[in-house]
Amino acid sequence: MTKELLAVLLTAILTQNFILCRFLGICPFLGVSKKFDTAIGMSVAVILVMVLATAVCYPINQYVLVPKDLEYLQTIVFILVIASLVQLVEIILRKYLKSLYNALGIYLPLITTNCAVLGVVLLNIGNNYNFITSIVNSLGGGVGFMIAMIMFSGVRERLETSDIPRFLRGLPITLIAAALTSCSFLGFSGIVDNIFR
Amino acid sequence: MGPILTPIVIVGALGLVLGLVLAIAARVFAVKVNEKAEKIRECLPGANCGGCGYSGCDGYAAALADGRTDKTGLCSPGGHEVAQKVADVLGVEAGYARQMTAVVLCQGNSHNVKTKINYVGASSCKMATQLFGGPKNCTYGCLGFGDCVKACPYEAIFICGGIARIDPGKCKACRKCMSVCPRGLIELYPVNEKHTIVFCKNGDKGSDTRKACLQGCLACTRCVRICKNDAITITDNHAHIDSEKCTGCGACIPECPAGAINHLHL
Numbered sequence: 193m194t195k196e197l198l199a200v201l202l203t204a205i206l207t208q209n210f211i212l213c214r215f216l217g218i219c220p221f222l223g224v225s226k227k228f229d230t231a232i233g234m235s236v237a238v239i240l241v242m243v244l245a246t247a248v249c250y251p252i253n254q255y256v257l258v259p260k261d262l263e264y265l266q267t268i269v270f271i272l273v274i275a276s277l278v279q280l281v282e283i284i285l286r287k288y289l290k291s292l293y294n295a296l297g298i299y300l301p302l303i304t305t306n307c308a309v310l311g312v313v314l315l316n317i318g319n320n321y322n323f324i325t326s327i328v329n330s331l332g333g334g335v336g337f338m339i340a341m342i343m344f345s346g347v348r349e350r351l352e353t354s355d356i357p358r359f360l361r362g363l364p365i366t367l368i369a370a371a372l373t374s375c376s377f378l379g380f381s382g383i384v385d386n387i388f389r
Numbered sequence: 045m046g047p048i049l050t051p052i053v054i055v056g057a058l059g060l061v062l063g064l065v066l067a068i069a070a071r072v073f074a075v076k077v078n079e080k081a082e083k084i085r086e087c088l089p090g091a092n093c094g095g096c097g098y099s100g101c102d103g104y105a106a107a108l109a110d111g112r113t114d115k116t117g118l119c120s121p122g123g124h125e126v127a128q129k130v131a132d133v134l135g136v137e138a139g140y141a142r143q144m145t146a147v148v149l150c151q152g153n154s155h156n157v158k159t160k161i162n163y164v165g166a167s168s169c170k171m172a173t174q175l176f177g178g179p180k181n182c183t184y185g186c187l188g189f190g191d192c193v194k195a196c197p198y199e200a201i202f203i204c205g206g207i208a209r210i211d212p213g214k215c216k217a218c219r220k221c222m223s224v225c226p227r228g229l230i231e232l233y234p235v236n237e238k239h240t241i242v243f244c245k246n247g248d249k250g251s252d253t254r255k256a257c258l259q260g261c262l263a264c265t266r267c268v269r270i271c272k273n274d275a276i277t278i279t280d281n282h283a284h285i286d287s288e289k290c291t292g293c294g295a296c297i298p299e300c301p302a303g304a305i306n307h308l309h310l
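Those protein sequence lines, which keep their order, are chains A and B.
Residue numbers 193 to 389, in the numbering used here, belong to the letters of the first sequence in order.
Residue numbers 45 to 310, in the numbering used here, belong to the letters of the second sequence in order.
Keep in mind that the hints were calculated from the coordinates and are not lab data.
Certain hints may be false.
Below, simulated DSBU-like cross-link-like pairs (lysine-lysine); rule was C-alpha separation at most 35 angstroms, straight line [what the hints assert, rightly or not]: (1) LYS115(B) <-> LYS227(A); (2) LYS80(B) <-> LYS290(A); (3) LYS80(B) <-> LYS227(A); (4) LYS83(B) <-> LYS227(A).
The calculated label-pair distances, taken between Cβ atoms and stated as ranges, are [claimed, not checked]: (5) LYS160(B) <-> ARG358(A): 26 to 32 angstroms; (6) LYS287(A) <-> SER99(B): 16 to 22 angstroms; (7) PRO301(A) <-> ASN78(B): 48 to 54 angstroms; (8) LEU363(A) <-> THR159(B): 46 to 52 angstroms.
Cβ coordinates follow ideal geometry from the N, Cα and C atoms, glycine included.
All chains should be modelled from the sequences, with the hints used to inform the complete structure.
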């Protein structure tokens with residue numbers, strides 16, 4: 193069981209990294225990765241929301257949608273749940289963790305429409321994971337998101353001071369760098385299967 | 045129930061429950077917001093520059109509303125106008141907004157300072173200074189690659205003759221340039237007061253300074269002796285004028301053999 197969970201966790205972090213392998217959650221990856229600090233803030237918020245969203249969406253799917261044969265409503269119901277959940281987290285954070293609330297700022301509401309969060313919930317159901325495996329997969333997805341963000345913020349901070357040809361400055365070089373970072377994660381393919389063989 | 049009614053009821057009920065939870069949460073976890081702080085915050089420009097000494101406009105507004113400070117004139121980008129508005133909200137007399145401007149303390153232009161290496165790397169002061177202390181002979185002066193120009197949100201800084209210059213008319217004293225200058229050459233001075241400034245921060249001995257720059261401060265102490273107000277001191281091999289003590293008489297300007305002292309050019 194533990195071995196299986198570890199395999200799921202490592203798969204979500206490395207071989208099936210949400211940003212670099214599945215290409216989900218690209219908007220924050222390009223929008224918020226300019227500085228290390230904001231990248232960390234956004235990643236922490238994503239991890240929190242991913243785990244919470246899975247914890248809430250899984251029972252709703254299992255005990256409300258499946259018995260009534262309403263699986264086709266998954267997308268709309270999950271978006272509704274995730275949006276409300278983010279709002280709730282925001283309200284509670286503002287009350288009890290004002291400094292974290294200020295640090296997360298605009299990123300927390302932005303996650304409402306983050307496809308990585310919806311993606312992880314739908315993938316958990318698509319893969320027929322049970323509750324605990326789903327939570328572990330979401331945690332892995334969030335941590336993988338964080339690793340990609342931190343790596344890429346380092347790349348972008350380096351790009352700031354580099355001598356880049358004029359026609360590549362700004363978004364073009366960022367996209368090229370993103371592609372190369374993504375290629376680097378190809379190196380992990382197959383690693384998890386071989387570790388847990 | 046029919047195949048249409050069931051999903052409608054379920055999604056509707058879910059929406060209703062979530063809405064109720066949010067409404068209750070908003071009531072239970074309501075945060076008391078200081079109305080005064082909100083009003084003051086609306087008066088402030090919102091540049092979050094930190095020029096007032098607080099963590100952005102929100103911090104300053106909260107400090108004013110809580111009575112932690114009574115200085116309404118700390119916002120230099122806003123100037124008198126904002127000071128007046130803030131004072132109106134608080135119901136006090138407007139404080140005097142001391143308008144400041146950033147000044148680059150260097151006169152090492154391409155005439156005064158020769159270059160020692162032909163630097164062709166990245167056009168950035170931060171990068172250039174790491175290579176043998178920069179391409180210029182003086183290792184304390186302005187490098188002129190314009191890191192401060194890029195940092196300035198008000199387009200007040202320009203490069204002239206290989207060194208940065210700041211337009212006091214456009215400068216809002218937000219301190220953004222001060223934090224990016226790798227040499228720490230930029231300092232704030234009050235705009236409307238006539239006092240003199242030493243335009244040099246060279247820390248070498250006088251003879252070495254002389255070799256590096258035609259207008260560098262030699263730390264010869266002639267200005268210290270001529271000053272009637274004891275406003276000038278020598279620290280780190282260059283003169284420094286205390287803007288609190290300086291009356292702006294200008295006696296030190298012709299006394300300086302290197303021409304390192306001058307009024308603020310407006």
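Against the structure, the hints come out as follows:
1. A hinted pair counts as satisfied when its Cα atoms are at most 35 angstroms apart, and LYS115(B) with LYS227(A) qualifies at roughly 34 angstroms.
2. Of the pairs offered as hints, the one joining LYS80(B) and LYS290(A) holds, with about 19 angstroms between alpha carbons and a cut-off of 35 angstroms not exceeded.
3. Distance hint between LYS80(B) and LYS227(A) is fulfilled; the C-alpha atoms sit about 33 angstroms from each other, no more than 35 angstroms.
4. Of the pairs offered as hints, the one joining LYS83(B) and LYS227(A) holds, with about 32 angstroms between alpha carbons and a cut-off of 35 angstroms not exceeded.
5. Range check, LYS160(B) to ARG358(A): Cβ separation about 29 angstroms, and the 26 to 32 angstroms hint holds.
6. Hint check: LYS287(A) to SER99(B), Cβ distance near 20 angstroms, so the stated range 16 to 22 angstroms holds.
7. A C-beta distance of roughly 23 angstroms is found between PRO301(A) and ASN78(B), which places it outside the suggested range of 48 to 54 angstroms.
8. At about 35 angstroms, the CB distance of LEU363(A) to THR159(B) disagrees with the hint of 46 to 52 angstroms.
Hint compliance for this structure: hints 7, 8 are not met, and every other hint is.
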